[in-house]
Each structure stands twice: as C-alpha cells, then as structure tokens.
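A.B. asks: Here the structure of chain B is known, so what remains is to put chain H in place on it, guided by the hints.
There are 2 protein chains.
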Amino acid sequence: MTKINSNLLKISRKYIFPVIEEKIKNLKYREKDADIINMGIGDVSLPLAPTVAKAIKDSVSEMEVTPYGYGPAEGYPFLRDKIVEMEYKSYKITADEIFISEGINLALCQMEELFSLDQKVAITDPTYPVYFDSNIMSGRTSITLLPCVEEHNFFPCVPKNEHFDIIYLCSPNNPTGVAMTRAQLQKWVDYALDHNAIIFFDAAYEAFITSEDVPKSIYEIENAEKVAVEFRSFSKSAGFTGLRLGYTIVPKSIMLTFEDQKISLNSYWKIRQNTKNNGISYPIQKGGLASLYGDGLKETTAQTQHYLTQAKKLKQALIDSGFTCYGGIDSPYIWWKIPPSTTSWEFFDYLLNTLKIVSIPGSGFGKSGEGFVRLSAFVLHTLNEKAISRIQGIPCNMK
Amino acid sequence: MTKINSNLLKISRKYIFPVIEEKIKNLKYREKDADIINMGIGDVSLPLAPTVAKAIKDSVSEMEVTPYGYGPAEGYPFLRDKIVEMEYKSYKITADEIFISEGINLALCQMEELFSLDQKVAITDPTYPVYFDSNIMSGRTSITLLPCVEEHNFFPCVPKNEHFDIIYLCSPNNPTGVAMTRAQLQKWVDYALDHNAIIFFDAAYEAFITSEDVPKSIYEIENAEKVAVEFRSFSKSAGFTGLRLGYTIVPKSIMLTFEDQKISLNSYWKIRQNTKNNGISYPIQKGGLASLYGDGLKETTAQTQHYLTQAKKLKQALIDSGFTCYGGIDSPYIWWKIPPSTTSWEFFDYLLNTLKIVSIPGSGFGKSGEGFVRLSAFVLHTLNEKAISRIQGIPCNMK
Chain B
132 MTKINSNLLK ISRKYIFPVI EEKIKNLKYR EKDADIINMG IGDVSLPLAP TVAKAIKDSV
192 SEMEVTPYGY GPAEGYPFLR DKIVEMEYKS YKITADEIFI SEGINLALCQ MEELFSLDQK
252 VAITDPTYPV YFDSNIMSGR TSITLLPCVE EHNFFPCVPK NEHFDIIYLC SPNNPTGVAM
312 TRAQLQKWVD YALDHNAIIF FDAAYEAFIT SEDVPKSIYE IENAEKVAVE FRSFSKSAGF
372 TGLRLGYTIV PKSIMLTFED QKISLNSYWK IRQNTKNNGI SYPIQKGGLA SLYGDGLKET
432 TAQTQHYLTQ AKKLKQALID SGFTCYGGID SPYIWWKIPP STTSWEFFDY LLNTLKIVSI
492 PGSGFGKSGE GFVRLSAFVL HTLNEKAISR IQGIPCNMK
Chain H
132 MTKINSNLLK ISRKYIFPVI EEKIKNLKYR EKDADIINMG IGDVSLPLAP TVAKAIKDSV
192 SEMEVTPYGY GPAEGYPFLR DKIVEMEYKS YKITADEIFI SEGINLALCQ MEELFSLDQK
252 VAITDPTYPV YFDSNIMSGR TSITLLPCVE EHNFFPCVPK NEHFDIIYLC SPNNPTGVAM
312 TRAQLQKWVD YALDHNAIIF FDAAYEAFIT SEDVPKSIYE IENAEKVAVE FRSFSKSAGF
372 TGLRLGYTIV PKSIMLTFED QKISLNSYWK IRQNTKNNGI SYPIQKGGLA SLYGDGLKET
432 TAQTQHYLTQ AKKLKQALID SGFTCYGGID SPYIWWKIPP STTSWEFFDY LLNTLKIVSI
492 PGSGFGKSGE GFVRLSAFVL HTLNEKAISR IQGIPCNMK
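For the record, the sequence lines run as chains B and H.
Going by this note's numbering, the residue at position 269 of the first sequence is 400; the numbering climbs one at a time, nothing skipped.
Going by this note's numbering, the residue at position 63 of the second sequence is 194; the numbering climbs one at a time, nothing skipped.
No wet-lab data here; the hints were simulated from the structure.
For clarity, every value in this text was computed on a predicted model and none was experimentally measured.
Where is the CB? At the ideal position from N, CA and C, for every residue including glycine.
Check before you lean on any hint, since a few could be wrong.
Computed Cβ-Cβ distance ranges for the label pairs, DEER-style [said to hold, decoys possible]:
#: 1; chain 1: B; residue 1: Thr473; chain 2: H; residue 2: Pro181; range: 56 to 66 Å
#: 2; chain 1: H; residue 1: Lys517; chain 2: B; residue 2: Asp227; range: 33 to 43 Å
#: 3; chain 1: B; residue 1: Asp426; chain 2: H; residue 2: Met217; range: 38 to 48 Å
#: 4; chain 1: B; residue 1: Pro181; chain 2: H; residue 2: Pro178; range: 22 to 32 Å
#: 5; chain 1: B; residue 1: Ser192; chain 2: H; residue 2: Lys517; range: 25 to 35 Å
#: 6; chain 1: H; residue 1: Thr275; chain 2: B; residue 2: His283; range: 47 to 57 Å
#: 7; chain 1: B; residue 1: Cys288; chain 2: H; residue 2: Ser398; range: 34 to 44 Å
#: 8; chain 1: B; residue 1: Lys498; chain 2: H; residue 2: Ser221; range: 47 to 57 Å
#: 9; chain 1: B; residue 1: Ser137; chain 2: H; residue 2: Ser221; range: 29 to 39 Å
#: 10; chain 1: B; residue 1: Pro526; chain 2: H; residue 2: Glu195; range: 35 to 45 Å
#: 11; chain 1: B; residue 1: Cys288; chain 2: H; residue 2: Lys154; range: 54 to 64 Å
#: 12; chain 1: B; residue 1: Asp426; chain 2: H; residue 2: Lys159; range: 36 to 46 Å
#: 13; chain 1: H; residue 1: Val196; chain 2: B; residue 2: Ser452; range: 28 to 38 Å
List time: in silico PhoX-like cross-link candidates among lysine-lysine, alpha-carbon distance up to 25 Å [said to hold, decoys possible]:
#: 14; chain 1: B; residue 1: Lys134; chain 2: H; residue 2: Lys407
#: 15; chain 1: H; residue 1: Lys134; chain 2: B; residue 2: Lys357
#: 16; chain 1: B; residue 1: Lys429; chain 2: B; residue 2: Lys220
#: 17; chain 1: H; residue 1: Lys318; chain 2: H; residue 2: Lys347
#: 18; chain 1: B; residue 1: Lys185; chain 2: H; residue 2: Lys185
#: 19; chain 1: H; residue 1: Lys141; chain 2: B; residue 2: Lys401
#: 20; chain 1: H; residue 1: Lys407; chain 2: B; residue 2: Lys498
#: 21; chain 1: B; residue 1: Lys407; chain 2: H; residue 2: Lys407
#: 22; chain 1: B; residue 1: Lys141; chain 2: H; residue 2: Lys251
#: 23; chain 1: B; residue 1: Lys251; chain 2: H; residue 2: Lys134
#: 24; chain 1: B; residue 1: Lys407; chain 2: H; residue 2: Lys251
#: 25; chain 1: B; residue 1: Lys407; chain 2: B; residue 2: Lys134
#: 26; chain 1: H; residue 1: Lys291; chain 2: H; residue 2: Lys357
Chain B extracted, bound-state conformation (with noise of 0.2 Å):
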C-alpha cells in the first residue's frame, strides 16, 4: 500500500477552529434562540467596497470581449507597478521583486519549502498555526519558539548567544494585537544580519498601524532588504478574505548558500512559480489594483477605519470593566487577560455560553498564549455595542 508522508502524522496540535464551531453548535442546539456574537475568526464583515466591485466586474465585461488567458506567473505588471508606487517608492524595492499570490497562507507555505531542512527555525508563541504547521508537514525538526508575554510588551526578545537561519515575525501581530516599534524590529534585521539569517515578515494587518513608531513595512528599517522576506495581503487591508489576493516581497539582495555557490532567493522564487503556479485570477488582480489607490483606497481606508475604531471602543469598554487588555490600536484585535483563576479555554466557554460571545483561546494560538483571549473587532457597529453591552455585566468573580 502506498506510504504516507510522515510528517504529516506529527502535526499534534489540534486544530482550533472545529472545535470551536461544535462548541457553538452545541449552545445552538441546547439554546435554538441564542443571539450569538461572532468575535473569534478575524473575517471581514463589511460588504466588498464599490469601485473594488466595479473593477472586478468590469474587468469580467472586458474578458466577454477580449481573452484573458494564463497571466504571468508573478503576476501583472499593471499590479505589481502600481504596489512599488503607492507602498514601496520609499525603499529599495522595485516592481521584479513582487510576487502576486493567492494569500499569504499559501505564499508562507510555499517560501519555506525553498530553504533546506536542516535549517534552524524561530516562531514567535502565540502564533498563527500555520507557521509551525508547515515546518512540521515539511519535516522540519529544529524549530524553536520565541515567548511573547506580558512582562516584554510580548515582544519576542532577541537571543544572545543562539544561531536561528529563519525567524518569522508578524507585526501588527496576530494574535496578541500589538505591534514592533521601529527600534524593535531594528533589532531582528541586525540580529539577521549577524546571524545571516532571513526574517519571513508577515505585515498581513499593517493597513491598521496607527502608532508614528510601527514600521509599515520591514524595509523602513535599513538593510532590511538584505534578510527580510515581506507578506502582504488584500484580505485584511480591502477586504478580499472571500477573493484571494496577496503579494510577497523578494528582495534580488538576498542571498542563499549551496556548497560554495551563492543563489539568489528571487531567482530561484521565481523558477518556483513558473514552476508550481500558473498565475492568479485576473479580474480578482484588477479587484487589487483598484483598492490601492483612488476612490479604492478611500473606500477600504473607511472599512479599516471602521474596524479600528470598534476595536477602541471594545478596548476602552473591557478597562473600564476591570480588564487588562492589549491590541487595538495598531491592530483589530484584542488580547483579552483572563482572571488567573480560568484557563483560556474554560473563559472561552463562559463568554460562549453565558455572554454568547465568541472568542479564541489564547492557548489555541500556542502555550505562551495561555492566560488570554483574542477578540476579532471585525464586526459591524450595532453587535460591538451589544457585545459591550454584555462584557459591562461581567461579574466580580469572573474578573
């Protein structure tokens, strides 16, 4: 019989987000009428923003009359263009060292397959699982994690004296909220610089820095483009969850070693793609084009606006309360502390079944994420206000 991929077996974290759906099915079934708030996936909530829709559609009437057929493997360059001149004219990047992809779900999958396995790896905990997961299912074993907790602003502190070839970092973090300042993020592209380390950035929530210290792309910091790999979304900063669009930053600096030859990561990323992919949906790139600039921009700039400013307002409503919190204000999420006297999961299960509010466990985003909750401020006015509502009746003994 045919074999299996072993390392598929190793993969022992359980997936979070089944369980938590049998959980709500659960309430519903015990309460069919539960009114339940929806604060646990960070998913859009607004509808798809006008002149994004009309972009789309247009650019669908134009495939009627003319083909459209395989696009470039890296994508447009009507895309990539417009990227280097609205996000990156500022910094050493230009337009050959974009990649247009389908998320940065799978463009960070697909980055780590490149390096060789013995490569030693550091993963910031809390994490997004994924980031540990596609280490495991390629069979990587040096995989180290870097606790983010309350005593260090949840900042992963640098190491000393320890070699790491590959580091992820994401800033506006998910899922603790906060974000790297300048002189922290500083700190990791000198300590990849040190160490001839790459740094995989995921900056898929930086439409929501508001802070003048966060850097909105690691290439604010000097020589960064020399160690760091940055991942972009359309999902988070227009809303393009449900329509699939991202894009990965590849600097032609950053160099990879084989025996003694010296390999640059953009060429041999750029063989990857002609190789394993053929192209992203056009008018789904035209969708992209149109939120970066113009009418587009304003439009999805008033939807993250929209989202930050629930996420204040959630914040300001939990310290009032009582609570400790962090997040919100660089970030749509909010990393909720939880009375010491709860594990994360057991909160989890209060706020579902008593304030039929749903959140994450800390716990479900790695061991340093016990002791929190993260909410999705992802919501629509009307259901913050009623989730306030609920979380100022929070008793005592639940604080």
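C.D. replies: Coordinates of chain H only, in the frame set by chain B:
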C-alpha cells in the same frame, strides 16, 4: 548564510516557454511586421462565455451587499454538489470527495507532497513538465519514465514485473492529444489494484472527448475509486485559464499506510487543505458553477466544439499535405510527426522563421517527444485557416 533546499538545483530541464518566447522576440526584432500565428501554448482564444461572466459579476454585486469572507477550504457546497450531479452521479463519488482548487497544476504539486519520499513514481514520457519537476523539487529520487511511442499508439505499456507506487496518467494526453480507451485504462487500474499503487489521473481535457470508447472519468472503470485520484479543471472546459479554478476527486476508499496503521488519503488531504489553504475565490466558484449547467454549459460546450473543429481541419490539412499526425479527435492538440532528418527544435525553428507558426518542440516534453512537434488548436477560425494555407505550402524537402 541560509541554505537552499538543494532539490531545487536538480531541475536540469530548461523550462521551454522562456526559450520559445526568446526565439519569437528575436524573430520580431529581425522582421518587425512578421505575422506570427501562435499555436504553441495551450491557452484559450475565445472570450469568456456570457453566462459565466454574468454569474461572476452577479456574485460580486452580491458581495457589495452581503460580505462573503473566508469560504470553506474544500470549496463551497453549491459547487461540490453540482459537480457530483453533473459529472459523477453515475459513479460512487460523493460531494465530500470533491475538493475545489485553483487549478490542476497546484493541486498535483500539493498532492504529491502527501506521499512518502521513498515511493516509486512512474511518469509518462512525453509529459506535462510539472509532474516530473514537482517530484524532483520534493526530493523524490525513484522516478521512472514510461515511454509513450508511436509503435504503441502512445500508450504507456503496463510493466509486467516492475513495481510503482504512484503513476501519473493524463488522458486525453498532453502533449500527444491521444486518449486512452476504456480497455487501456482498465489495464492500469488493474495494475494499481494488484500493486496497491495510486494513479494520479489528469483529466484536464475530458471536455474534448468525442470517441465512444474513451472514458471521461477514470471512475468509469470498476474499482478505480480504490486507487485513483482524478484532477479536473475549468481551464480548458470553460475557458478559465485566466480565472483559475479546478477540482480534485479524492475518494474516501483510498488508503495509505504508516507502519501498521491504515490512513485515509481523503482525511489527510482535508487536513492539508485546512492548514495550507484559505479557500478559493467566491466569485470564481460561482462562475464555475454557471459553466456546469443550462446556458453556461451550452456556451462553453460550443467553445470546446469550436476548438475541436479547428483541430479536425488542421489535422486533415496536415494529412492532405502528406504528413503523419495524431490527436485532434478527443483533444485540441495535434502531435505532428516531423521529417526524420530534423530534430524537433530544428523543425520548430523552421515553422517559426519560415511559416511564422509557433509550435512546441516535442523534446521539450521529454526524450520520447523527439520526432514530433505539438500544435494547439485553441485558435480562432481565421487564424487556423491562415495557418493551414501556410502548411499547405511546405516544400517536399521539409516532409
């Protein structure tokens, strides 16, 4: 410095499309007004079917009112259910065995990664290059090429004593254009049942089948659901090359082993999809749905018929000019036997520089492709007529 996955360096085959592009560029440089007819790449030339376009636009309008965020990693039930109803209702395939994908290329690469690296792989030669390249990039070392030669009607002979774990079959075949009959496919299913092997069945061109004795799905063969994964695409059946949509059939009865355990491939594919995939674009899935029934099906069927008509005319013209060629009956590809005095690259150069017709040299698809070039009939009627009249002028010394 960070180390590359050295398997990437083992791809020795020069990717042919950039070479072809370069040769076209050189011709245009020498002859600015060269009237080039591209019959190389298998890409659609007719515009998008109006009913499909309308469905995509309507779904985008829907998203302007109701947010459609992350969809199911396996694809939306509306599409999976319709695929069962329209394509698989006579076979033992259910909706939970159907997984929507961005296309066959990606799905094939992802599927191969689920199997142990020591598995013995058999790939037909000539072949679609990604079968081979993705295995090399994963680090698989036991890859056997099965020659598909004229003397055996391009059928890969079933080995008597050799064991393979994974067999790649493509029917109707790219590049030869020849389809397997029911009796031929039965032989490979029997082999897989005997050897506890798995068949990766690439059915990208099933919409072009016209012969009675050629199965449209491998599941027409008894017990194939125990040994075969089928890959399908909307690219060629509905003109989706620029939209990106396909699906993979992973029957629940296919079992893998690990030590003493038996493991269902379907359940591990599901875990993989839920980990490394965030679903497929909602409007594109709605477009795919529209192509499966009613007016959408009528319109897309008219398109495949158009391409088959061009293929038939092209083939007849080649035969009338004294050439031998294959395919073009159940496929839009013509496998053109070239004069024994030339190589396929030389004949490619002749066609390009003298007739201004772009083909693909057979050797680009593997060693057994030498002696042939592939012509694609994904062309408009007028261009096909023009190509035919140029072919009719080929002098005797090039036959």
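A.B. asks: Indicate, hint by hint, whether the structure satisfies it.
C.D. replies: Hint check results:
no.	hint	verdict
1	B:Thr473 x H:Pro181: 56 to 66 Å	58 Å, holds
2	H:Lys517 x B:Asp227: 33 to 43 Å	36 Å, holds
3	B:Asp426 x H:Met217: 38 to 48 Å	40 Å, holds
4	B:Pro181 x H:Pro178: 22 to 32 Å	25 Å, holds
5	B:Ser192 x H:Lys517: 25 to 35 Å	29 Å, holds
6	H:Thr275 x B:His283: 47 to 57 Å	55 Å, holds
7	B:Cys288 x H:Ser398: 34 to 44 Å	39 Å, holds
8	B:Lys498 x H:Ser221: 47 to 57 Å	51 Å, holds
9	B:Ser137 x H:Ser221: 29 to 39 Å	37 Å, holds
10	B:Pro526 x H:Glu195: 35 to 45 Å	42 Å, holds
11	B:Cys288 x H:Lys154: 54 to 64 Å	55 Å, holds
12	B:Asp426 x H:Lys159: 36 to 46 Å	39 Å, holds
13	H:Val196 x B:Ser452: 28 to 38 Å	35 Å, holds
14	B:Lys134 x H:Lys407	21 Å, holds
15	H:Lys134 x B:Lys357	15 Å, holds
16	B:Lys429 x B:Lys220	20 Å, holds
17	H:Lys318 x H:Lys347	16 Å, holds
18	B:Lys185 x H:Lys185	13 Å, holds
19	H:Lys141 x B:Lys401	16 Å, holds
20	H:Lys407 x B:Lys498	22 Å, holds
21	B:Lys407 x H:Lys407	15 Å, holds
22	B:Lys141 x H:Lys251	23 Å, holds
23	B:Lys251 x H:Lys134	10 Å, holds
24	B:Lys407 x H:Lys251	21 Å, holds
25	B:Lys407 x B:Lys134	23 Å, holds
26	H:Lys291 x H:Lys357	21 Å, holds
Going through the hint list in order, the structure satisfies each hint without exception.
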